[in-house]
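Whenever a hint applies, use it, and build me the whole structure from the sequences.
Taking UniProt numbering, the leading residue of the sequence shown gets 1, the next gets one more, and so forth.
Do not rely on the hints blindly, as some may be mistaken.
As the list claims (entries may be wrong) - Taking lysine-lysine and the DSS-like style, the derived pairs with C-alpha atoms no more than 30 angstroms apart in a straight line are: (1) K74 with K51; (2) K51 with K62; (3) K67 with K51.
Claimed, not checked - Label pairs and their in silico Cβ distance ranges: (4) I69 with V29: 35 to 45 angstroms; (5) K51 with M1: 37 to 47 angstroms; (6) L19 with R49: 18 to 28 angstroms; (7) Q27 with P71: 37 to 47 angstroms; (8) P43 with S77: 36 to 46 angstroms.
Please keep in mind that the hints were generated in silico from the structure rather than gathered at the bench. Ideal Cβ positions, reconstructed from N, Cα and C, are used throughout, including at glycine.
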Amino acid sequence: MVAISEENQGQRVSVRYLLQGQAPGEQDVLFTDVLGHLEQWGPTTAGIRRKNGQLVEVEIAKIVAAKVIPPEPKRRSSSA
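So, in structure tokens, the structure goes:
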């Protein structure tokens, strides 16, 4: 289920897309995931900015699942 679109730009998203192969269920199909903020949404590609700053461009036609996820939780300071 793909539940993101250009309206979600700036939000944190999780995206699973085809890395190799043509369609789910085929032999030798590989998927990968990217987690980050949706920065770009064009006619054919989406750009997701990872936490480390890397921009991952994904062909929209290869997205098999995507959703908006909550912001990353704030880290607690460790006090001894």
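The hints, checked one at a time:
The straight-line distance between the Cα atoms of K74 and K51 is roughly 14 angstroms, inside the 30 angstroms bound, and the hint therefore holds. For the given pair, K51 sits about 22 angstroms from K62 by alpha-carbon distance, which is consistent with the 30 angstroms threshold. For the given pair, K67 sits about 17 angstroms from K51 by alpha-carbon distance, which is consistent with the 30 angstroms threshold. Separation of I69 from V29 is about 24 angstroms and departs from the stated range, judged on CB atoms against 35 to 45 angstroms.
Here the CB-CB span from K51 to M1 is close to 24 angstroms, at odds with the stated 37 to 47 angstroms. Here the CB-CB span from L19 to R49 is close to 19 angstroms, well matched to the stated 18 to 28 angstroms. The beta-carbon spacing between Q27 and P71, approximately 39 angstroms, falls within the hinted interval of 37 to 47 angstroms. In this structure the hint that P43 and S77 lie 36 to 46 angstroms apart at CB holds, the actual value being about 45 angstroms.
The structure shown violates the earlier hints numbered 4, 5.
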